[in-house]
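There are 2 protein chains.
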Amino acid sequence: MQKFFEIEKSSERKARAGIITTDHGKIETPIFMPVGTVASVKTVHQRELKDDIKAQIILGNTYHLNLRPKMEIMQKAGGLHKFMNWDLPILTDSGGYQVFSLSKSRKLNEEGVKFKSHIDGSTHFISPEISMKIQREIGADIFMAFDECTPYPCDYNLAKKSMEMTHRWLKRCIDFNETNKEIYGHKQHFFPIVQGSTYSDLRKISAEKISESDQVGNAIGGLSVGEPEEEMYRITDEVTDILPIEKPRYLMGVGTPWNILESIGLGIDMMDCVMPTRNARNAMLFTWNGVMNMKNKKWESDFSPLDEFGTSYVDRDYSKAYVRHLFVAKEYLSKQIASIHNLAFYLDLVKVAREHIIKGDFYEWKDAIIPNLKNRL
Amino acid sequence: MQKFFEIEKSSERKARAGIITTDHGKIETPIFMPVGTVASVKTVHQRELKDDIKAQIILGNTYHLNLRPKMEIMQKAGGLHKFMNWDLPILTDSGGYQVFSLSKSRKLNEEGVKFKSHIDGSTHFISPEISMKIQREIGADIFMAFDECTPYPCDYNLAKKSMEMTHRWLKRCIDFNETNKEIYGHKQHFFPIVQGSTYSDLRKISAEKISESDQVGNAIGGLSVGEPEEEMYRITDEVTDILPIEKPRYLMGVGTPWNILESIGLGIDMMDCVMPTRNARNAMLFTWNGVMNMKNKKWESDFSPLDEFGTSYVDRDYSKAYVRHLFVAKEYLSKQIASIHNLAFYLDLVKVAREHIIKGDFYEWKDAIIPNLKNRL
Chain S
17 MQKFFEIEKS
27 SERKARAGII
37 TTDHGKIETP
47 IFMPVGTVAS
57 VKTVHQRELK
67 DDIKAQIILG
77 NTYHLNLRPK
87 MEIMQKAGGL
97 HKFMNWDLPI
107 LTDSGGYQVF
117 SLSKSRKLNE
127 EGVKFKSHID
137 GSTHFISPEI
147 SMKIQREIGA
157 DIFMAFDECT
167 PYPCDYNLAK
177 KSMEMTHRWL
187 KRCIDFNETN
197 KEIYGHKQHF
207 FPIVQGSTYS
217 DLRKISAEKI
227 SESDQVGNAI
237 GGLSVGEPEE
247 EMYRITDEVT
257 DILPIEKPRY
267 LMGVGTPWNI
277 LESIGLGIDM
287 MDCVMPTRNA
297 RNAMLFTWNG
307 VMNMKNKKWE
317 SDFSPLDEFG
327 TSYVDRDYSK
337 AYVRHLFVAK
347 EYLSKQIASI
357 HNLAFYLDLV
367 KVAREHIIKG
377 DFYEWKDAII
387 PNLKNRL
Chain E
17 MQKFFEIEKS
27 SERKARAGII
37 TTDHGKIETP
47 IFMPVGTVAS
57 VKTVHQRELK
67 DDIKAQIILG
77 NTYHLNLRPK
87 MEIMQKAGGL
97 HKFMNWDLPI
107 LTDSGGYQVF
117 SLSKSRKLNE
127 EGVKFKSHID
137 GSTHFISPEI
147 SMKIQREIGA
157 DIFMAFDECT
167 PYPCDYNLAK
177 KSMEMTHRWL
187 KRCIDFNETN
197 KEIYGHKQHF
207 FPIVQGSTYS
217 DLRKISAEKI
227 SESDQVGNAI
237 GGLSVGEPEE
247 EMYRITDEVT
257 DILPIEKPRY
267 LMGVGTPWNI
277 LESIGLGIDM
287 MDCVMPTRNA
297 RNAMLFTWNG
307 VMNMKNKKWE
317 SDFSPLDEFG
327 TSYVDRDYSK
337 AYVRHLFVAK
347 EYLSKQIASI
357 HNLAFYLDLV
367 KVAREHIIKG
377 DFYEWKDAII
387 PNLKNRL
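Chains as they are written, first to last, in our numbering: chain S, 17 to 393; chain E, 17 to 393.
If you're looking for bench data, these hints aren't it; they were derived computationally from the structure.
Some clues are possibly wrong.
Since the list gives no way to pick out one identical chain from another, each pair is judged satisfied if it fits inside one copy or across any two copies.
Listed below are the simulated DSS-like cross-link pairs for lysine-lysine, each with C-alpha atoms no more than 25 Å apart in a straight line [as the list claims (entries may be wrong)]:
no. : residue 1 : residue 2
1   : Lys177    : Lys311
2   : Lys313    : Lys382
3   : Lys25     : Lys177
4   : Lys187    : Lys42
5   : Lys177    : Lys132
6   : Lys203    : Lys42
7   : Lys58     : Lys130
8   : Lys123    : Lys58
9   : Lys130    : Lys314
10  : Lys92     : Lys311
11  : Lys98     : Lys187
12  : Lys346    : Lys58
13  : Lys313    : Lys98
14  : Lys311    : Lys367
If you're wondering where the values come from, they're calculated on a predicted model, not measured in any experiment.
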């Protein structure tokens with residue numbers, strides 16, 4: 017049987033190129049995963065995700081999907097792959113993060129979280145077991161532990177208490193999964209999540225605890241929540257020193273193009289973020305030469321291709337002046353073009369990073385390219 | 017040299033199948049023209065317009081394009097085809113209709129119209145000559161006379177006065193065009209517009225006047241502005257009785273799928289309307305079997321293809337339940353899918369109508385199919 021994760025090439029330091037194998041196909045790591053919140057990567061057709069963006073895996077959000085279309089519909093559809101017509105791998109988060117960041121009010125105890133929907137204020141309850149049940153019903157190829165994600169900054173004692181509960185919740189997730197198996201005939205792979213805020217000792221405890229649980233992959237949560245970038249890198253570095261080398265590591269909710277490369281350099285294999293799509297809708301484009309604000313007047317008469325180094329058709333088909341015009345005129349197509357561009361760029365970024373890992377010059381390349389990525393064009 | 021318009025097959029009554037030839041390609045008539053208001057058919061990529069919707073010609077709006085991106089940019093780009101990267105035919109309206117329907121306030125006299133932009137309230141002036149100049153700068157393959165479009169209902173004397181001014185304005189348009197030629201190297205074809213509200217005697221005078229001007233094609237304006245459908249059909253019928261048979265006839269701003277077929281039956285060759293895109297964005301889909309409101313709960317668990325008789329990939333790739341979910345969740349993709357579907361349906365509708373004209377059974381087919389089109393699904 018094909019192993020879930022195989023390392024193809026390790027660098028002299030922590031970065032590595034690998035392959036994840038799921039029943040919906042292989043994923044070449046390091047990988048960026050576009051976020052398809054409510055069963056749609058905003059403004060992007062599934063065909064474009066596959067053919068133009070070259071996405072290998074996308075995310076679904078348990079919190080959102082549970083509210084709409086609801087699990088009754090999801091199950092009747094035969095799971096999220098069929099519902100949205102996406103036959104490549106999917107990963108779902110557990111709903112934990114959104115419950116804490118989106119819902120109108122929440123009441124947390126050991127059992128789980130009671131919260132009010134951000135859509136209609138209706139009351140819901142989610143627990144480790146309920147999150148697992150929903151994620152079985154969604155049927156993602158990779159699914160996540162139900163955790164509490166602490167904000168930044170977070171008091172030490174609160175962070176410790178929260179982390180300990182996340183660990184107890186992990187046990188309940190694993191217990192549930194052992195007796196409640198896949199319902200759609202394809203294998204689902206479970207990842208636990210390291211917490212512990214920005215405290216090194218807590219992160220160490222959590223990383224060891226999560227490693228001991230011996231699942232097929234591991235995730236780092238509670239970062240990219242407002243802490244300085246250096247803190248994020250420091251914690252990531254400390255945690256990947258502990259997480260088993262032979263299993264994929266997923267850094268949740270990260271980040272900018274330079275965050276992506278630095279994280280890969282710290283031994284991360286998987287990342288996701290709404291930034292490429294959300295910022296696209298606000299006219300911010302990421303490119304190999306830096307960041308462009310497409311509303312800027314400087315593009316008004318620039319009829320050169322949107323991005324001469326871009327990999328997707330929008331980069332060749334549309335000019336900077338045209339896309340600038342669409343943003344100024346508030347045309348839908350502006351958001352569509354920018355979203356395809358940014359996602360295709362992120363996928364190109366991790367593809368090229370992978371090539372440099374295999375070639376053996378990842379760190380030199382990364383340090384040389386990051387100043388370009390941060391340019392303001 | 018290829019004639020601008022050739023009739024391939026005439027039915028026993030007024031419907032006919034023809035071919036319009038422009039420097040950007042041929043158009044098989046009868047044809048529906050998607051509206052690309054501000055240099056974008058809303059929510060639709062140019063690639064989708066060509067490959068999935070099979071659009072043969074699209075519209076641009078002079079009023080909108082003149083305000084954004086403005087003609088300085090348009091000229092630097094080398095015209096609208098290059099600006100938006102659309103190499104098939106384009107038609108522009110004259111701006112007359114929008115000045116009267118959109119601008120915040122306007123002051124009309126024989127010379128032209130002073131109006132305030134609907135965007136920023138800035139003051140602008142448009143006259144027959146200025147409209148022609150702008151349309152030369154846009155560079156559409158077919159461009160329209162600057163007319164006054166009367167509302168419905170319209171007092172007889174006002175309608176008469178307005179029509180007479182439209183006729184005087186036509187003379188000024190033609191004079192301008194004779195001394196101010198194309199600027200981008202491809203031929204532009206000018207269409208005058210019949211006005212006269214719902215008054216048969218005025219429409220007769222106008223149709224004769226417009227025919228006498230002896231341009232390569234003719235248009236009927238001032239319909240589909242709120243009058244009963246029977247009035248629209250009656251006037252169209254009376255006007256097409258007068259307009260020369262050997263030139264294409266364009267009915268402006270029409271309409272529903274059944275309006276399209278009835279108009280073709282009355283000898284119309286070209287139509288445009290925002291309905292397929294605007295209604296799409298509000299969840300209304302047109303199909304061969306009738307009209308669907310995609311927000312309707314009845315589609316909640318209907319996992320069958322969006323439209324089994326649809327010609328575009330969205331009809332096969334997405335289910336009714338999925339599209340319903342996207343509309344309920346207010347996802348951008350809902351509007352994108354519905355717009356592609358509706359436009360592809362409109363293009364399929366006129367394609368099949370054309371086949372029946374050539375086959376010789378258009379009228380029987382039309383009368384049989386219209387009740388289906390009007391169904392509420």
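Hint check:
1. Lys177 to Lys311: Classified as neither; 46 Å inside a copy, 45 Å across copies.
2. Lys313 to Lys382: The answer is neither: 31 Å in one copy and 51 Å across copies each exceed 25 Å.
3. Lys25 to Lys177: For Lys25 and Lys177, neither the intra-copy (39 Å) nor the inter-copy (81 Å) Cα distance is at most 25 Å.
4. Lys187 to Lys42: Answer is neither: 29 Å inside a copy and 68 Å across each miss the 25 Å cutoff.
5. Lys177 to Lys132: within (24 Å within a copy, 63 Å between copies)
6. Lys203 to Lys42: within (13 Å within a copy, 53 Å between copies)
7. Lys58 to Lys130: neither (28 Å within a copy, 41 Å between copies)
8. Lys123 to Lys58: The answer is neither: 30 Å in one copy and 43 Å across copies each exceed 25 Å.
9. Lys130 to Lys314: neither (50 Å within a copy, 31 Å between copies)
10. Lys92 to Lys311: Classified as between; 19 Å across copies, 44 Å inside a copy.
11. Lys98 to Lys187: Neither. Shortest intra-copy (30 Å) and inter-copy (61 Å) distances fail the 25 Å Cα cut-off.
12. Lys346 to Lys58: This pair counts as both: shortest intra-copy Cα distance 16 Å, inter-copy 10 Å.
13. Lys313 to Lys98: between (44 Å within a copy, 20 Å between copies)
14. Lys311 to Lys367: Answer is neither; intra-copy 29 Å and inter-copy 40 Å both fail.
Consistency note: the structure conflicts with the earlier hints numbered 1, 2, 3, 4, 7, 8, 9, 11, 14.
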